[in-house]
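When you get a sec, could you build the whole thing from the sequences and use the hints?
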Amino acid sequence: MLGELEQVVLLAVLQAGDEAYGVPVQSEIRRRARRTLTLGTIYKTLARLETKGFVASRLGEPTAERGGRAKRYYTLTPAGRQAVRGSLAALRRMAAGLDVGLQAP
Amino acid sequence: MTYSRFTPPARALRLLERVLPADVRDALTGDLIETFARTADARGLRAARLRFWGEVLGAVWQCGAWRAALRGRSGLTPAFGLTDDLRYAVRVLRRAPAFAVLCVVTLALAIGPTTAIVSVVDPVLLRPLPYTDPSRLAFIWERDETGRPVTTGYSTVEDIRANATLLASVAAVGSWQVILSDPMNPARLTGSRVSWNYFRTLGVMPALGRDFTTDDDRPGHTHVVVLTHGLFTGRYGSNPRVVGSTMTLDGTPYTVIGVLPPSFDDMIAHDAEIFSPLGYVVTQPWACRSCRHLTAVARVRDDVPFERAQAQLNQLSAQLMRAHPTDYPAVGMFLTPMQHEATRASRPALLAILGAAILVLLIALANVVNLQLARGMRRDDEFAVRIALGARPGRLTQQLMAEGLVIAAAGGALGTAFGAAVLPVLVGRLPRTIPRLDAVHLDLPVLAFVALVVLTVAMVTGLVPARGARRRAIDGAALRGGARLTVKAGAATRSTLVVGEVALALLLLASAGLLARSLTNLLAVDPGFDPANLITMRVVSSGPAYQKAAATLDYRGRAIAAVREIPGVLDAATSTSLPLSGDLDRYGITAQDKPLANPALAPYATGYRVNGDFVRTMRIRLLAGRDLTAQDARDSAASVVLVSDALARSIWGGESPLGKLVHVPNARAQWADVVGVVGDVRHASLDNDDGRAIYLPEAAWGWANDEAALVVRTRANSAALVRAVRAAVASIDPSQPVTDLRTMAAVVSRSTAQRQLAFALFGAFAVLAMMLAAAGIYGVLAGTVAERTREIGLRGALGATPGNLLMLVVRHGLGLAAVGVVIGLAGALASTRLLRALLFGIGPTDPWMLGGAAAGLFAIAAIACAVPAWRAVRVDPVTALRD
Chain B
1 MLGELEQVVL LAVLQAGDEA YGVPVQSEIR RRARRTLTLG TIYKTLARLE
51 TKGFVASRLG EPTAERGGRA KRYYTLTPAG RQAVRGSLAA LRRMAAGLDV
101 GLQAP
Chain L
1 MTYSRFTPPA RALRLLERVL PADVRDALTG DLIETFARTA DARGLRAARL
51 RFWGEVLGAV WQCGAWRAAL RGRSGLTPAF GLTDDLRYAV RVLRRAPAFA
101 VLCVVTLALA IGPTTAIVSV VDPVLLRPLP YTDPSRLAFI WERDETGRPV
151 TTGYSTVEDI RANATLLASV AAVGSWQVIL SDPMNPARLT GSRVSWNYFR
201 TLGVMPALGR DFTTDDDRPG HTHVVVLTHG LFTGRYGSNP RVVGSTMTLD
251 GTPYTVIGVL PPSFDDMIAH DAEIFSPLGY VVTQPWACRS CRHLTAVARV
301 RDDVPFERAQ AQLNQLSAQL MRAHPTDYPA VGMFLTPMQH EATRASRPAL
351 LAILGAAILV LLIALANVVN LQLARGMRRD DEFAVRIALG ARPGRLTQQL
401 MAEGLVIAAA GGALGTAFGA AVLPVLVGRL PRTIPRLDAV HLDLPVLAFV
451 ALVVLTVAMV TGLVPARGAR RRAIDGAALR GGARLTVKAG AATRSTLVVG
501 EVALALLLLA SAGLLARSLT NLLAVDPGFD PANLITMRVV SSGPAYQKAA
551 ATLDYRGRAI AAVREIPGVL DAATSTSLPL SGDLDRYGIT AQDKPLANPA
601 LAPYATGYRV NGDFVRTMRI RLLAGRDLTA QDARDSAASV VLVSDALARS
651 IWGGESPLGK LVHVPNARAQ WADVVGVVGD VRHASLDNDD GRAIYLPEAA
701 WGWANDEAAL VVRTRANSAA LVRAVRAAVA SIDPSQPVTD LRTMAAVVSR
751 STAQRQLAFA LFGAFAVLAM MLAAAGIYGV LAGTVAERTR EIGLRGALGA
801 TPGNLLMLVV RHGLGLAAVG VVIGLAGALA STRLLRALLF GIGPTDPWML
851 GGAAAGLFAI AAIACAVPAW RAVRVDPVTA LRD
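Top to bottom, those sequences are chains B and L.
Mapping to the working numbering: the first sequence position 67 is 67, numbers consecutive.
Mapping to the working numbering: the second sequence position 114 is 114, numbers consecutive.
If you're looking for bench data, these hints aren't it; they were derived computationally from the structure.
Heads up, the beta-carbon is just placed ideally off N, CA and C, and yes, glycines get one too.
None of the hints are false.
Label pairs and their computed distance ranges (CB to CB): (1) L:Gly394 <-> B:Glu4: 34 to 44 angstroms; (2) B:Thr36 <-> L:Ala764: 37 to 47 angstroms; (3) L:Val385 <-> B:Glu4: 20 to 30 angstroms; (4) L:Pro262 <-> B:Ala33: 50 to 60 angstroms; (5) B:Glu4 <-> L:Asp438: 51 to 61 angstroms; (6) L:Asp381 <-> B:Thr36: 35 to 45 angstroms; (7) B:Ala64 <-> L:Pro9: 15 to 25 angstroms.
Some chain L residues well away from chain B (every beta-carbon gap over 12 angstroms; in silico): (8) Asn163; (9) Leu208; (10) Thr233; (11) Arg241; (12) Pro262; (13) His340; (14) His441; (15) Asp526; (16) Ala550; (17) Pro737; (18) Thr801; (19) Gly827; (20) Val878.
Here's what the structure looks like:
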């Protein structure tokens, strides 16, 4: 099962779609989870996920607005999708049949 | 979007690029730069910068774990760097908040005052003066008949300039008070009149305009002024056009020719704001050799040692004495380095306070180490497990040092904040006469000092506990657990520390006691007048209307009359000098019946030129003869004076001075009748004054000063009448300012300000030190009792009475205190001599004071023993032995 932070970051990468690099991932987490994670934390988690083989990354083109730095785009690997799915399913099953408000969507 | 408008903080960016692992460096910094630009557009530059720094610090913080994660990917085992240790340390301390807070607060309480005092000491005592090559600058003083340094006359300065070949230049400085006539805002300015080469001698160039030249320094050509930066910004709003403009000083137009740089600070008159040329020539009567009202400043030639220049001045002085035997009281001159002289008055107090602060710092350090040790012993199990799992001993040390660093850094940060908060209070309470208080800031050198303290604390609080912890962990004693019948090894270190704390606390307590006693002794000194219900202020009469002395005297007489009309006012008078205020004129007094071969040896006395009933207003005791009367003042032909008892004795010994004739330099009449003898007044200071004084009607003088002190005796609370008095004086001539309005009690109190400050700080430090020492004793005893629970239980089971057990603990605690007190007493005997300059009426090794401090500390130690002793008595033998 995934760690909570790993879950959040993986879902954020999914939500960000094609544009999944640091900034959108951070803002997705802030917008949806209402949590402010530093980019340091996000990249650390992504590095861990990459080690586990759940995400893959590629470098984009350097742009002027980023001071000539390239973006690093992340995508979920099939194993990553599998892990998220498993993790969420587990949560749903855990919450099933509990009081109103705790039921999974 | 306009991304290029703002750039992120460069320093943060550099930090980031240095620590980030290569594979995410570009991606993360790029993201941050992008976010920065967006935040700046949306929420402003400040918010963006703040967020940027937060992100960078967060990333740096994550770095250790992150590297480990990345290395894990490449198949290497994780290593532990300093960041890991710091992270771990923060976690550990978060789990022991009471311990952490206690350590941090202890350190902050000690670091705060130390920081504040170092901030003062650094610019005031240590930093070179703000001149070119200041180590070559010196004051030149003449020698008076008692061997003390005195100021000099213009003719002597000229002789030095012409003959002292080892001096590169010699300048002369006289004091100058002027009234600036400004229809909007008239003011009294303090300044100096200086020879044309004064700024050149100091190596200071005006920042605007020009310096004085020889042309300005001639009689009748001196109506030019140079302003300080403070006056330039304060009054003229930094308008450069003020250079070349005209200002009216004492009714005469002066041209502003230059403005000094902001760094300039005058070492002779710290509050000087305005400078004008002296314009003396040796033929003028006030340029005479015995007209000693000038301070001589010299620059010694670069390759010449001060001793040689001093020797040459002594030679010159001997020649002058031969040529003008009646002008000099003694042979010899003093050449004193300017830096030393400028800091002379404040050095004893500041160094003593600094010393006290450092003692408190040492005590706090000992206390924190002690706390660490106590905690270290409780963590034996943790360390033993870690050693058993393969941690090298060096790793434990590193870990403990990281914990020490976190505590020290937090203590340092909190302490610096505390120091920054108390610094303005401290500066506000320092006497204004201390030079360069403007330069007192919590600046980089001070922060560097704090950093040094923090690192030292981290080292000590890490290394000392680590030694014991390592040894015990390797012994495996902790894992074997159980039978601890003996006090453990670390306890010896802890006891030593407590003994040291007690010794240092005693030193502080004894010093504080000595200072308190000095202060009460000093305040008990009879100033010779009654300062209660007495108001004083400075009245001025300057400008074209007061060119004649009669106009000034008339103004003062009318002001006195107007003030006396106020209900509640008993008496009022003016005088050119005021006791304990620093405004004193001293004159050599000769008696007709005691002629001197060398008039320069005539005893000096403070001269009070008075209007109205000064002696009665001040309540100075009349010992013999009569007071001065209004008739004396009106009748300028009959010249009469009062002399103080001390002056009478130094001239006539036991003879009655009544009816004798004395000569007062600058008085209208050659001889004046002594009509009365009054009690001695402390003129210059409460602790050191010869009490010699002469009082004469101002009308009997050759001229009238444009300034005088008005003293007002009131029936009751004098502060309530201040407004009425000011209004009464202003009603005579609203164009003349009334300044320095104070109660005489405040004047007296301010003359002891430096001692009061020293005492207040020593007192606070001593209380803090005692509390820390008591906490140390308590900590050691509590630890011992906890560790010896089984032993105590056993003793109880074998028949020890509660009294026996109580004594066991108390003996231990008081034993530690006794050793500390003995060492502290030895230290006090050796070191309180350093306080001598601040003491008054009490010796530095006063046995009562040292004994009292020892007893006080013992009492505190006994209180500290109470709780652990009580706990020992309450040990239940059955529970203790079963556990």
